[in-house]
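Protein chains in written order, with our numbering: chain D, 1 to 377; chain X, 1 to 377.
Keep in mind the hints are simulated off the structure, nothing from the lab. Nothing here was measured: the structure is a model prediction, and the numbers come from that model. Heads up, the beta-carbon is just placed ideally off N, CA and C, and yes, glycines get one too. Among the hints, a few may not be true.
What the hints assert, rightly or not - Where chain X lies over chain D, by a calculated footprint (3+ residues, C-beta under 8 Å): (1) 275-286; (2) 294-303; (3) 338-350.
Number of protein chains: 2
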Amino acid sequence: MEVVNKYVSLKHHVDGHPSESDFELATTPLQPAPGSGEVIVKNLFLSIDPYQLNRMKRYSSSHTAITAASKIEPGQARVAIDAYGVGKVVASGRAELEEGDVVAGLLGWEQYTVVRPGTVLMKVDAKDLPISYYASVLGEYSLHLHQIKEHKKDGPNLMTTATGPSGLTAFAGFYDVCKPKKGEKVFVSAASGSVGSLVGQYAKLSGCYVVGCAGSKQKVDLLKRKLGFDDAFNYKEEADLKSALRRYFPEGIDIYFDNVGAAMLEAAVANMNSFGRVAVCGAISEYTNAGKRAAPDLMDVIYKRITLRGFLALDYLHLHEQFSAATSDHLRHGRMISLEDVSVGIESVPTAFVGLFRGDNVGKKLVRVGELEGAEL
Amino acid sequence: MEVVNKYVSLKHHVDGHPSESDFELATTPLQPAPGSGEVIVKNLFLSIDPYQLNRMKRYSSSHTAITAASKIEPGQARVAIDAYGVGKVVASGRAELEEGDVVAGLLGWEQYTVVRPGTVLMKVDAKDLPISYYASVLGEYSLHLHQIKEHKKDGPNLMTTATGPSGLTAFAGFYDVCKPKKGEKVFVSAASGSVGSLVGQYAKLSGCYVVGCAGSKQKVDLLKRKLGFDDAFNYKEEADLKSALRRYFPEGIDIYFDNVGAAMLEAAVANMNSFGRVAVCGAISEYTNAGKRAAPDLMDVIYKRITLRGFLALDYLHLHEQFSAATSDHLRHGRMISLEDVSVGIESVPTAFVGLFRGDNVGKKLVRVGELEGAEL
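Just chain D, same shape as in the assembly:
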């Protein structure tokens, strides 16, 4: 029995803000008869992440080194854009997987993915937590470095693996990069986003004072009422970010978890205490506008001995078990909440992605493209 696979591919490189017209929906027939070692997965939840935009850009030579291996070439290969997700095995050419198994790994923006040999698929035991969690907060780095190298001959695929699993990103970034101490003052930007919402909750569980910023009243309320932030504000209502932060942190900021870059990073550095730490996790406001760059005052960086550190969850695979055990436990006991924003149907992928850069999403953006027992969507 042949099925028809609907998929999303890139029509052309993206400059600046992405739009729905950058993408194309197409169909291709699929034989659920896997070749040697292949696994055919019916996708359930697909992860929609801002970093994918960086793979869609036309890069200048200076960027080649970090993006060559993972950039998406439109037209060159009419295939789905690869992305993290959770699905159900419908046919397996691997001994360790059988039909009906729920798996997580590098799938694609499509209804069905043919997973090649060498690409890791993790079996998900979703008995006591929702399946969607395994595409969001509990996502795993299924591709270890040497396996990525096999998968793409030209080197590790940094972009693909860069920011997929928001949980490990938040956990490693907060605990290892920020090294929080009880009572410290923590500022989180894009705080209702996939990573920010988790960082704020880890910070509260660590006894820190936490303020987040977001882009709407609804999000601000959610941070304060549902996620337990000590305070929150709508950055769009602040004419002067520097004085806004001075108001919210009269005693200064010890840790800034940066998801946005640009003017907010400058304002945070200006308000930091001595020995402050900035985890540079993302720069979403710079992704769509290369000219809008953060220029923090180096006088502050020097005299206040501030550390700014970029990081990728990729380098923290050794923390995965610790992260996963602690976080699952927090989720099960209601000490943490996984904020998910789910659209339905493969056709909604382009809008879901474009919406990330308009701040449409509240929490981790997912698209549900199939039901566990039922049809593709």
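Using the hints provided, position chain X relative to the given structure of chain D.
Okay, now just chain X, sitting in the frame of chain D:
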């Protein structure tokens, strides 16, 4: 016998580049009869450092916290600008010091300094190395934190103590902040300056590949021929710093020791390898122009996991002994050179200082204002 003390004071706040007319030479009679606990020092070598400019600015409220304790208020007190130096005790109200002792510590841009109780003076045993070294490469943090607090009631005097001793700054910044490994590629800006010239030499002694940049052919030659840099270039001859660094570091930069900030920092970050480290030591090109700020690409910082860290030698007093023993030994055995640029006479202090921001100095800038056995100058 009364002497006349010539001193340099600040006429008004400095905006942008300093000029000789910002300073005033004045004289005041001095009784070499010290009060209780006071020591009268005839100054020999005075240290001339860029950070002093930051104390002379008119600060906005956002800077108050880090500079309030040490800013220089022109007119308010008609006294010499305090500065690190080496001198000879001419009268002592302290039991542990006697006439003729050579001491190093916080003195002033003047011929004689009355050192108050609570200010530390270190006895210098200058038998086998020139006395000037104790005002430059071997300068000590004579003011420990608690003593600074006593000395100025309103908190630690960060600005005063920030960057005085170039030796400990170079040593701690290179070894602790940059954590070099043998074979790594090191880039140093302002490489013929007081700190840069030492960092380059430490890097060579650690088995690194070192390239420096400076602002004249004479300095470039000196870096390559006298200080043992593997390569060096004149940044003023490079239209595109990014491609210049790509030429000098075809395999990328592992460590950037930043003394200048602005465009050079951006170019270095663009050329860094994964896990690169930037020691943010100074930002001389930003000190005179607050609008000229470095805006490194955060995409590079994130994907290449770059750390940028501001630091002050102040936090590394515990390394002083190790630094001092190792460095004195290197100097004695000719494995390191102390580059000094000495002007003569108290009248030359303003020009010496202003020249720092024109790149006039080659190595550590000192002014000799007295002879060990002879007159004040």
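To see whether the hints hold, each was checked on the structure:
Residue count for the stretch 275-286 of chain D with a Cβ under 8 Å from a Cβ of chain X: 5. That meets the three needed, and the coverage hint holds. With a threshold of 8 Å between beta carbons, the proposed coverage of the stretch 294-303 of chain D by chain X holds, since 10 of its residues qualify and at least three are required. By the rule of at least three residues with a Cβ nearer than 8 Å to a Cβ of chain X, the coverage given for the stretch 338-350 of chain D is violated, with 0 such residues.
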